[in-house]
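There are 2 protein chains.
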Amino acid sequence: MKNILLTLMILVSTGTFLFAQRPSVVSPEVHSDNSVTFRYSARNAKSVTLHTEILPEPAEMTKDDSGVWSITIPSVEPDIYPYSFVVDGIEVNDPNNTYLFANEGFKRSLVDIKGDKPLVHSLQNVPHGKVSYRSYTTAQDRTGTLLIYTPPGFDANGETEYPVLYLIHGGSDTEETWTKVGRANLIADNLIAQGKAKPMIIVMPYANTGLMFSDAFGNDMMNNIIPFIESNYPVLTDRENRAITGFSVGGGATLNIGLMNLDKFAYVCAYAPYVQTPEFRSNFGDWSPDVEAYNNQLKKLSIYVGESDQYIGIVNSAIELFNEKGLDLETMFVPGGHTWMNCKLFLATTLPQLFE
Amino acid sequence: MKNILLTLMILVSTGTFLFAQRPSVVSPEVHSDNSVTFRYSARNAKSVTLHTEILPEPAEMTKDDSGVWSITIPSVEPDIYPYSFVVDGIEVNDPNNTYLFANEGFKRSLVDIKGDKPLVHSLQNVPHGKVSYRSYTTAQDRTGTLLIYTPPGFDANGETEYPVLYLIHGGSDTEETWTKVGRANLIADNLIAQGKAKPMIIVMPYANTGLMFSDAFGNDMMNNIIPFIESNYPVLTDRENRAITGFSVGGGATLNIGLMNLDKFAYVCAYAPYVQTPEFRSNFGDWSPDVEAYNNQLKKLSIYVGESDQYIGIVNSAIELFNEKGLDLETMFVPGGHTWMNCKLFLATTLPQLFE
Numbered sequence: 571m572k573n574i575l576l577t578l579m580i581l582v583s584t585g586t587f588l589f590a591q592r593p594s595v596v597s598p599e600v601h602s603d604n605s606v607t608f609r610y611s612a613r614n615a616k617s618v619t620l621h622t623e624i625l626p627e628p629a630e631m632t633k634d635d636s637g638v639w640s641i642t643i644p645s646v647e648p649d650i651y652p653y654s655f656v657v658d659g660i661e662v663n664d665p666n667n668t669y670l671f672a673n674e675g676f677k678r679s680l681v682d683i684k685g686d687k688p689l690v691h692s693l694q695n696v697p698h699g700k701v702s703y704r705s706y707t708t709a710q711d712r713t714g715t716l717l718i719y720t721p722p723g724f725d726a727n728g729e730t731e732y733p734v735l736y737l738i739h740g741g742s743d744t745e746e747t748w749t750k751v752g753r754a755n756l757i758a759d760n761l762i763a764q765g766k767a768k769p770m771i772i773v774m775p776y777a778n779t780g781l782m783f784s785d786a787f788g789n790d791m792m793n794n795i796i797p798f799i800e801s802n803y804p805v806l807t808d809r810e811n812r813a814i815t816g817f818s819v820g821g822g823a824t825l826n827i828g829l830m831n832l833d834k835f836a837y838v839c840a841y842a843p844y845v846q847t848p849e850f851r852s853n854f855g856d857w858s859p860d861v862e863a864y865n866n867q868l869k870k871l872s873i874y875v876g877e878s879d880q881y882i883g884i885v886n887s888a889i890e891l892f893n894e895k896g897l898d899l900e901t902m903f904v905p906g907g908h909t910w911m912n913c914k915l916f917l918a919t920t921l922p923q924l925f926e
Numbered sequence: 571m572k573n574i575l576l577t578l579m580i581l582v583s584t585g586t587f588l589f590a591q592r593p594s595v596v597s598p599e600v601h602s603d604n605s606v607t608f609r610y611s612a613r614n615a616k617s618v619t620l621h622t623e624i625l626p627e628p629a630e631m632t633k634d635d636s637g638v639w640s641i642t643i644p645s646v647e648p649d650i651y652p653y654s655f656v657v658d659g660i661e662v663n664d665p666n667n668t669y670l671f672a673n674e675g676f677k678r679s680l681v682d683i684k685g686d687k688p689l690v691h692s693l694q695n696v697p698h699g700k701v702s703y704r705s706y707t708t709a710q711d712r713t714g715t716l717l718i719y720t721p722p723g724f725d726a727n728g729e730t731e732y733p734v735l736y737l738i739h740g741g742s743d744t745e746e747t748w749t750k751v752g753r754a755n756l757i758a759d760n761l762i763a764q765g766k767a768k769p770m771i772i773v774m775p776y777a778n779t780g781l782m783f784s785d786a787f788g789n790d791m792m793n794n795i796i797p798f799i800e801s802n803y804p805v806l807t808d809r810e811n812r813a814i815t816g817f818s819v820g821g822g823a824t825l826n827i828g829l830m831n832l833d834k835f836a837y838v839c840a841y842a843p844y845v846q847t848p849e850f851r852s853n854f855g856d857w858s859p860d861v862e863a864y865n866n867q868l869k870k871l872s873i874y875v876g877e878s879d880q881y882i883g884i885v886n887s888a889i890e891l892f893n894e895k896g897l898d899l900e901t902m903f904v905p906g907g908h909t910w911m912n913c914k915l916f917l918a919t920t921l922p923q924l925f926e
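Those protein sequence lines, which keep their order, are chains F and V.
Residue numbers for the first sequence, in the numbering used here: 571 to 926.
Residue numbers for the second sequence, in the numbering used here: 571 to 926.
A portion of the hints provided could be inaccurate.
[Unchecked claim] Restricting the straight-line Cα-Cα distance to at most 30 Å, the calculated cross-link-like pairs of lysine-lysine (DSS-like) are:
#1 Lys700(F) to Lys768(V)
#2 Lys700(F) to Lys895(V)
#3 Lys834(V) to Lys633(F)
#4 Lys616(F) to Lys895(V)
#5 Lys870(V) to Lys768(F)
#6 Lys700(V) to Lys834(F)
#7 Lys687(V) to Lys768(V)
#8 Lys633(F) to Lys633(V)
#9 Lys834(V) to Lys700(F)
#10 Lys895(V) to Lys870(V)
#11 Lys684(V) to Lys633(V)
#12 Lys869(V) to Lys834(V)
#13 Lys700(V) to Lys684(V)
#14 Lys870(V) to Lys834(V)
#15 Lys834(V) to Lys616(F)
#16 Lys687(F) to Lys633(F)
Calculated from the structure, these hints are not laboratory results.
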């Protein structure tokens with residue numbers, strides 16, 4: 571073992587391609603008391619600020635004699651937080667951290683404050699499902715991509731048929747955001763292991779933000795994605811075994827798709843839904859629902875949001891709309907903003923309610 | 571449609587969280603003549619250089635009046651290339667590009683020069699296999715992760731049993747590097763569609779670089795990974811239907827694992843194998859193989875390498891060793907270095923040779 575370590579040290583110190591170049595600094599450094607130090611090396615920069623969802627405001631970093639800017643945030647609540655540096659006005663992610671937010675627009679780094687107790691999104695010693703990356707054919711005859719979580723013990727040709735949750739990401743996110751940032755697979759693993767959630771299949775499509783503003787994504791869901799799942803997986807196909815959930819623009823899409831297809835979905839759960847879209851106005855502007863049918867047939871209609879979400883006004887307008895119509899709507903308001911920390915909490919709250 | 575576009579434009583211009591913040595600059599910009607422009611915004615930097623595997627040397631970038639550094643490289647051969655910027659001596663990836671090299675050590679950006687003809691790694695309109703992210707239990711009773719490619723038409727409980735390729739990444743890479751950088755799944759899709767490669771299962775484990783220097787990874791392969799695959803997938807379990815291939819440190823592991831387990835593997839294909847490891851010395855330092863048995867039983871033993879690979883001397887020492895012993899060894903020398911451009915070429919060369 572000593573030989574191995576010595577070899578490793580020599581290789582590292584000579585900086586071969588086999589190993590990473592030595593990082594210029596260590597960042598982020600999570601300390602045992604859940605404080606965390608962020609560092610960024612930029613000798614000539616005039617200003618480096620930390621933008622993080624830990625703190626409500628950007629924080630100035632200070633430079634030492636070697637040109638390394640740093641800041642330490644004390645006692646952070648264990649969770650996974652996005653952050654970035656703004657260097658002389660330009661946002662960059664952390665060049666010393668390979669854990670990144672899966673997103674097509676911004677490219678922020680993530681810091682995982684694990685704490686000393688396992689969280690609902692932590693990798694725990696329980697049976698694990700698997701996540702499959704699959705292709706399907708979209709309406710435009712293009713190749714669409716989606717991720718599919720199948721639970722522990724899943725057997726594609728076994729006798730068990732599973733209920734299905736369709737889980738939609740937010741604006742400019744990708745099909746990987748619900749697993750890589752939202753840890754949907756680990757949350758499901760943990761809740762299933764505890765007997766709190768039913769074994770289910772979770773489908774995470776890629777939904778271009780622009781498409782989510784029109785009926786294009788909903789049409790793709792109904793005409794391509796759901797048929798793909800139902801012809802390739804052993805799934806229950808009655809409405810009481812089909813749920814839809816999504817965040818932000820994907821939360822708006824959830825309300826559009828779920829409530830416009832009552833014959834298909836019994837569970838419609840929107841997280842901080844962004845509803846100022848042409849599609850939402852078209853569906854709900856002059857909506858005269860058969861309220862009794864909705865209330866009888868929906869096993870769950872919920873809207874969850876953070877109290878300091880920047881879209882709280884928009885979310886409240888949706889809540890008011892559904893309350894005015896007389897729909898049985900569950901709402902939950904929690905601290906925090908339009909964040910994936912809250913997304914994980916929302917999903918962990920929803921999963922035990924599905925397919926009861 | 572006009573309304574939607576207008577809404578999108580308004581939202582983008584007001585910079586909501588729903589959409590990415592407007593990037594400070596566009597980078598990389600691939601032009602129709604396959605030239606590519608890289609840009610980096612850093613008003614106060616004294617020097618910004620482009621490090622890319624397109625050019626043999628780092629290239630100075632020049633700053634315009636608005637503080638944007640840029641460089642254009644003419645007529646690039648279509649491929650996927652890693653690159654980074656070095657800003658006043660500090661390596662950073664491209665903050666305006668979300669396509670990143672999957673690696674635990676460095677964090678480089680990737681530029682995909684698609685060209686006007688589909689390449690063997692391009693997404694083409696052919697049947698697609700799927701890539702599954704799975705967990706298994708390692709010898710240390712920890713949760714190991716691996717990716718599994720199953721070919722188009724795969725049926726977990728069908729009558730078809732598949733041959734298996736174990737495909738090992740390089741130093742500090744992750745289990746995602748062979749798909750996200752090496753496009754192994756698309757290469758397999760395309761070659762299977764053309765009838766050039768047999769439908770096969772491809773297993774891509776995560777192998778910590780340090781473990782690959784000792785027998786720890788080989789033991790994990792033999793005791794945990796292969797049994798996991800063979801108890802969970804419909805696979806052929808005779809040696810003629812099992813292959814191992816890997817790059818760099820993973821190429822060294824390929825030679826160690828493949829040649830020390832002749833009863834398990836009929837195909838052993840190493841790409842730019844890094845063999846200056848304790849494990850390789852232990853296995854091959856005083857090796858007295860039954861050469862006839864090896865030559866009769868190995869359907870393929872190959873070593874491929876780029877002529878300008880920085881480890882060409884080490885690779886040649888392995889080639890000489892096996893030639894001296896009298897093993898039937900196929901070698902291929904191609905232009906280029908220790909790169910994933912070559913990894914894709916090597917894999918596309920190997921797949922048609924397997925399981926004939």
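Looking back at the hints listed earlier, which ones does the structure fail to meet? 2, 3, 4, 5, 15 and 16
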